[in-house]
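Protein chains: 2
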Amino acid sequence: MANFYIKTNAVTHELPDNKRPKFFMFGVPGYTNMGDQAISLAARKYIENEFPEYQYIEVLEDDDDKAIPVVKKAINRCDIVAFTGGGNMGNLYSNHEVARRKVFSTFTDNLTISFPQSIHFEDNEDGRKEQKLSQAAYSKNKNLVLVARDAQSYHRMQTTFNNTVIFTPDMVLYMDPLKKNVKRSGALFVFRHDGEKVVKDSVVQGLKKSLDNGRPIEFTDTVLDDVDAITPVTRGKLYERELELFSHQEVIITDRWHAMVFSVLTGTPCLLMGNSYGKGKHAYFDWIESIDWVSYTDEEDLGRINRQLKFLMNSSRHDYDVKPDFKQLHDIIKNYYQNKK
Amino acid sequence: MANFYIKTNAVTHELPDNKRPKFFMFGVPGYTNMGDQAISLAARKYIENEFPEYQYIEVLEDDDDKAIPVVKKAINRCDIVAFTGGGNMGNLYSNHEVARRKVFSTFTDNLTISFPQSIHFEDNEDGRKEQKLSQAAYSKNKNLVLVARDAQSYHRMQTTFNNTVIFTPDMVLYMDPLKKNVKRSGALFVFRHDGEKVVKDSVVQGLKKSLDNGRPIEFTDTVLDDVDAITPVTRGKLYERELELFSHQEVIITDRWHAMVFSVLTGTPCLLMGNSYGKGKHAYFDWIESIDWVSYTDEEDLGRINRQLKFLMNSSRHDYDVKPDFKQLHDIIKNYYQNKK
Chain A
351 MANFYIKTNA VTHELPDNKR PKFFMFGVPG YTNMGDQAIS LAARKYIENE
401 FPEYQYIEVL EDDDDKAIPV VKKAINRCDI VAFTGGGNMG NLYSNHEVAR
451 RKVFSTFTDN LTISFPQSIH FEDNEDGRKE QKLSQAAYSK NKNLVLVARD
501 AQSYHRMQTT FNNTVIFTPD MVLYMDPLKK NVKRSGALFV FRHDGEKVVK
551 DSVVQGLKKS LDNGRPIEFT DTVLDDVDAI TPVTRGKLYE RELELFSHQE
601 VIITDRWHAM VFSVLTGTPC LLMGNSYGKG KHAYFDWIES IDWVSYTDEE
651 DLGRINRQLK FLMNSSRHDY DVKPDFKQLH DIIKNYYQNK K
Chain B
351 MANFYIKTNA VTHELPDNKR PKFFMFGVPG YTNMGDQAIS LAARKYIENE
401 FPEYQYIEVL EDDDDKAIPV VKKAINRCDI VAFTGGGNMG NLYSNHEVAR
451 RKVFSTFTDN LTISFPQSIH FEDNEDGRKE QKLSQAAYSK NKNLVLVARD
501 AQSYHRMQTT FNNTVIFTPD MVLYMDPLKK NVKRSGALFV FRHDGEKVVK
551 DSVVQGLKKS LDNGRPIEFT DTVLDDVDAI TPVTRGKLYE RELELFSHQE
601 VIITDRWHAM VFSVLTGTPC LLMGNSYGKG KHAYFDWIES IDWVSYTDEE
651 DLGRINRQLK FLMNSSRHDY DVKPDFKQLH DIIKNYYQNK K
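Those protein sequence lines, which keep their order, are chains A and B. One point on numbering: in the working numbering, the residue at position 270 of the first sequence is 620, and numbering is uninterrupted. One point on numbering: in the working numbering, the residue at position 292 of the second sequence is 642, and numbering is uninterrupted.
What the hints contain is simulated information worked out from the structure, not anything from laboratory work. Among the hints, erroneous ones may be present.
As the list claims (entries may be wrong) - FRET-style restraints, in silico, Cβ to Cβ:
(1) S626(A) / K530(B): 34 to 42 Å
(2) K422(B) / K530(A): 25 to 33 Å
(3) N689(B) / A579(A): 45 to 53 Å
(4) E475(A) / D648(B): 34 to 42 Å
(5) K422(B) / D671(A): 30 to 38 Å
(6) Q555(B) / E650(A): 21 to 29 Å
Unchecked claim - Derived DSS-like pairs (lysine-lysine); straight-line CA-CA distance at most 25 Å:
(7) K684(B) / K677(A)
(8) K559(B) / K533(B)
(9) K452(A) / K492(A)
(10) K684(A) / K492(B)
(11) K673(A) / K533(B)
(12) K684(B) / K492(A)
(13) K677(A) / K492(B)
(14) K529(A) / K395(A)
(15) K691(B) / K490(A)
(16) K684(B) / K684(A)
(17) K673(A) / K559(B)
(18) K479(B) / K673(A)
(19) K479(B) / K482(A)
(20) K690(B) / K691(A)
(21) K684(A) / K673(B)
(22) K492(A) / K673(B)
(23) K673(B) / K479(A)
(24) K677(A) / K490(B)
(25) K673(A) / K684(B)
(26) K492(B) / K673(A)
(27) K550(B) / K660(B)
(28) K673(B) / K690(A)
(29) K482(A) / K673(B)
(30) K691(B) / K690(A)
(31) K533(B) / K660(B)
Unchecked claim - Selected chain B positions facing chain A (in silico; Cβ < 10 Å):
(32) H505
(33) T510
(34) N656
Quick caveat: nothing in here was measured; it's all calculated off a predicted structure. Every residue, glycine too, gets a C-beta built ideally from N, C-alpha and C.
Please model the entire structure based on the sequences and the hints provided.
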């Protein structure tokens with residue numbers, strides 16, 4: 351199926367002229383964070399698998415402003431508007447939050463879904479100011495449904511906004527696991543370089559030392575630095591390349607939630623550490639604590655962490671099933687379509 | 351308001367003969383577990399506060415079997431059937447599970463709500479057998495809504511049953527906090543004596559020793575042993591007595607989830623430890639991790655636990671707000687009433 355999306359620079363696609371109901375996904379990332387790219391890939395796969403009656407249309411984040419009036423003019427009663435999921439609701443990534451407010455406060459007559467997100471407004475002047483702006487914008491839309499991807503965010507969304515809030519996993523957990531047996535070698539350290547980083551360098555260096563007994567050790571991030579931008583056309587291949595990378599590792603040490611998700615999907619032993627506000631920790635306990643080859647820790651004692659790593663690296667693979675946990679999202683879309691068609 | 355409930359021994363109340371819609375709560379406990387009693391108290395308070403149009407009718411668990419045909423005959427289209435919340439869905443407490451199946455498979459034409467529960471079917475022959483029986487019974491009721499009180503249970507219910515599953519806190523977190531400043535003295539150890547117990551005696555005794563510097567130390571359980579049974583008439587006073595007991599303590603050490611909830615409500619420093627399947631741990635992380643005077647640990651190192659206790663005992667009290675987290679339950683009931691009336 352062709353990719354339809356509105357893009358004002360390199361490639362421009364017009365809105366398709368047909369009678370199918372449309373699912374407009376705004377805020378689709380062009381930047382090179384593979385976690386966010388995988389989210390967009392999974393959201394598309396989810397809608398196209400579960401609701402084939404809908405035509406899925408992606409609006410890249412750079413085009414949100416130009417696309418809003420175009421979509422506003424073309425939108426029909428069955429159509430659904432959505433905004434990309436991730437870990438950026440709040441005041442830490444205000445470009446995303448500003449775009450979200452515009453979309454939510456514009457399409458007030460259609461089901462509008464904020465795809466699975468974590469939320470964090472800081473408890474300071476900027477956080478409170480931005481929260482008020484978001485509350486004002488979100489409250490204009492009675493058809494807006496917020497999806498929380500962890501219980502902490504579910505609680506925060508319900509205490510912050512008056513909108514309906516539902517609870518599902520991160521979209522990437524909808525993706526199929528990669529089931530092949532490849533030879534594993536090496537430890538991959540996947541760490542963020544942004545303001546959310548809290549893991550101490552001494553802990554990371556200590557773990558590097560203890561894993562470094564002839565084993566290849568590499569450092570990377572899920573934010574790619576060998577491409578400038580990613581589009582819905584190129585992200586599929588890059589996602590596969592990322593899973594391929596993970597599937598060859600003996601172990602992943604990370605503070606990136608999606609590095610843990612990629613480890614789940616590839617059966618790769620993985621230890622997740624904290625970020626500044628617990629988004630990975632909560633998502634881990636909520637959805638994947640029962641998966642034997644991944645775990646979370648706040649520990650700083652190297653002896654204890656090494657014992658935990660040994661346990662993970664010796665664990666067996668087993669089946670798991672997170673897909674039923676998307677049911678609240680499924681029911682919201684299904685009921686809307688049945689009422690409107 | 352009078353207590354209406356069907357009771358076949360001491361006191362018998364007939365079903366009230368009026369036109370008000372009824373809210374039938376089955377499985378109301380008569381046993382002396384104050385956690386479960388507080389749940390029943392809170393459920394009644396919740397419905398009476400939020401849906402005053404409904405008349406709340408409690409059916410004690412001993413009377414479930416006799417009440418089912420009586421209610422079946424009298425039930426009207428606006429009426430709602432519910433089964434008491436708690437931590438007993440699964441195969442560990444089969445008397446509750448058997449009663450639940452009967453109620454769910456009987457009232458299939460009315461909204462039926464399984465109040466906030468944790469679920470645990472063991473991964474053994476008995477667990478699998480009982481799970482199949484529950485799946486068969488629950489699947490007969492298309493109007494059944496299961497409420498999970500922690501994310502682990504939300505996941506398990508969605509992977510086990512085809513019914514709608516929603517996510518709210520334990521009902522007791524709906525109760526108002528006790529805001530009075532009383533003189534605190536002593537440490538209270540509140541430990542279970544049932545099959546869910548996993549905390550090592552050496553840890554408990556070690557903590558007792560370190561807290562025992564002239565401070566009164568007592569051991570108790572939230573299951574009372576000075577009364578034989580509790581009814582909807584007597585539970586209110588016993589609940590107040592329990593909160594009074596907690597509010598005078600300097601610190602609570604416990605493996606009982608509701609001992610932690612009573613500590614939240616009374617502003618009492620509390621450290622919660624594990625049970626056999628993590629129901630307290632998950633509920634803690636999901637709803638009350640942001641409350642400073644309570645915490646959870648799996649730790650067995652006494653030095654570390656003592657540092658955590660010191661931190662809790664030095665923490666300040668602050669406001670918290672869990673009530674918005676009951677919104678999914680509220681919306682289900684509100685929408686049902688508006689569609690049926």
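| Those earlier numbered hints the structure runs against, lowest number first | The structure conflicts with hints 2, 11, 15, 17, 19, 21, 25, 28, 34, although it agrees with all the remaining ones.
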